[in-house]
Amino acid sequence: QQQVKQSPQSLIVQKGGISIINCAYENTAFDYFPWYQQFPGKGPALLIAIRPDVSEKKEGRFTISFNKSAKQFSLHIMDSQPGDSATYFCAASTRGYQKVTFGTGTKLQVIP
Amino acid sequence: DVKVTQSSRYLVKRTGEKVFLECVQDMDHENMFWYRQDPGLGLRLIYFSYDVKMKEKGDIPEGYSVSREKKERFSLILESASTNQTSMYLCASGRLRNTEAFFGQGTRLTVV
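Protein chains in written order, with the working numbering: chain A, 1 to 112; chain B, 1 to 112.
Please note that a few of the clues may not be correct.
[Stated by the list, open to error] If you anchor each label on the Cβ, the simulated ranges turn out as follows: (1) F39(A) <-> S80(B): 29 to 39 Å; (2) K99(A) <-> D38(B): 16 to 26 Å; (3) S7(B) <-> Q3(A): 26 to 36 Å; (4) G60(A) <-> M54(B): 33 to 43 Å; (5) D59(B) <-> I20(A): 21 to 31 Å; (6) S7(B) <-> Q72(A): 35 to 45 Å; (7) P112(A) <-> K57(B): 37 to 47 Å; (8) H76(A) <-> R14(B): 43 to 53 Å; (9) Q109(A) <-> R9(B): 16 to 26 Å; (10) K99(A) <-> D28(B): 17 to 27 Å.
Derived by calculation from the structure, the hints in this document are not laboratory data. No experiment lies behind these values; they were computed from the predicted model shown. Ideal Cβ positions, reconstructed from N, Cα and C, are used throughout, including at glycine.
So here's chain B without its partners, still in its complex pose (with noise of 0.2 Å):
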């Protein structure tokens, strides 16, 4: 089975702070993907990446930024944390020209 795991499942994280989430995938996909979800407006995409050290801006980059330094590892970064980033956060893989995509569990992120 495929696997694709997000380092935490809950986070708390204060106004300003720098903040990392991590996601590992097991499958060697090459496309990695970095989602939020919220309540009323479905999944939205904020980075993907389709090699190592690629990496291009999805609908919703503004205030967050990525790093792929290994093929299985993708992370996502929130330079300064601010409120309106509190959010459900998707980690996702998938292989190259292959549109299905595999979804990590997620992690609940909340700035306070």
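Bound-form chain A, shown alone (with noise of 0.2 Å):
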């Protein structure tokens, strides 16, 4: 039962491009989003994280938009680098509860 639907699995972007990750989720309770990036040999690390009281949140290149009736949320990685090339996951779990539920991931490459 994958309760947070992730895609596409894989994504190649030209630097300077725009990436795009689509991530769907069923659990209405869930009221914490974060997205977490991986790098080859190392392990996830928290990137960015959104609450559904807002529609969206930018940190530099990094956006996440919320839509809490769709119960969907997508990441978005303007002027990308080859630098951003990871594996990105998406998240979700229930304030207070700290059980989070990850996405499949979704491996980006970015050519120069």
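Two chains, two frames, a set of hints: combine them into the complex.
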């Protein structure tokens, strides 16, 4: 039972382009939606997160868009760089409860 | 910087062996987690602990057990390793009621 569905599984983007990764969830009790970034040989690290009381959050070139009615959220990477090449995981959890449910991951490759 | 240290980067074990994966965190975090990461399946929670000697099952606890005798240390035990437990195992820690998780670098376990 996949509570957080993530797509695409892999993505190739040219340098300077926009990378977009989409996630959808089913559990309406989820109220915290982080994105993690994982480089080869490393553990995932928190990149950016959003709560459902806002529709968008931006940190530098990274933006989360959130659509509560559709139960969908997405990560946009503007001006993608080769250093952004990594695997990205969306996730969801419930406030006050530490169990986090992860998506299946998207392997992003940014080519020069 | 938060540091989560996993005792081994790579392990090769035989079918039927008892396997111990060790994890230590240095930030006095209440929560600790064990995930396994498999291609196309993302990160799946095996067990987590919110206090010493406390544990809760995650999504895939079958074939695993855990031990948390000290706050900083969380061990994952494979009672009788099987080939379908070949995977990347990730330990994480976090503060109580704070959903950010800090991951170790992972242990790639191969069961032959």
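Verification of the supplied hints:
A hinted range of 29 to 39 Å for the beta carbons of F39(A) and S80(B) is consistent with their spacing of about 34 Å. Between K99(A) and D38(B) the CB atoms are about 19 Å apart, so this pair conforms to the stated range of 16 to 26 Å. Remark: the range hint 26 to 36 Å for S7(B) to Q3(A) is upheld by a beta-carbon distance near 31 Å. As the Cβ distance of G60(A) to M54(B) is approximately 38 Å, the hint placing it in 33 to 43 Å holds.
Taking the beta carbon of each, D59(B) and I20(A) are about 28 Å apart, inside 21 to 31 Å as hinted. Evaluation of the 35 to 45 Å hint for S7(B) and Q72(A) yields a pass: the beta carbon distance comes to about 39 Å. At roughly 46 Å, the beta-carbon separation of P112(A) and K57(B) lies within the given 37 to 47 Å, and the hint holds. Distance hint check for H76(A) and R14(B): the Cβ-Cβ separation is about 47 Å, which falls inside the suggested range of 43 to 53 Å.
Here the CB-CB span from Q109(A) to R9(B) is close to 24 Å, well matched to the stated 16 to 26 Å. Separated by about 21 Å at the C-beta atoms, K99(A) and D28(B) satisfy the suggested range of 17 to 27 Å.
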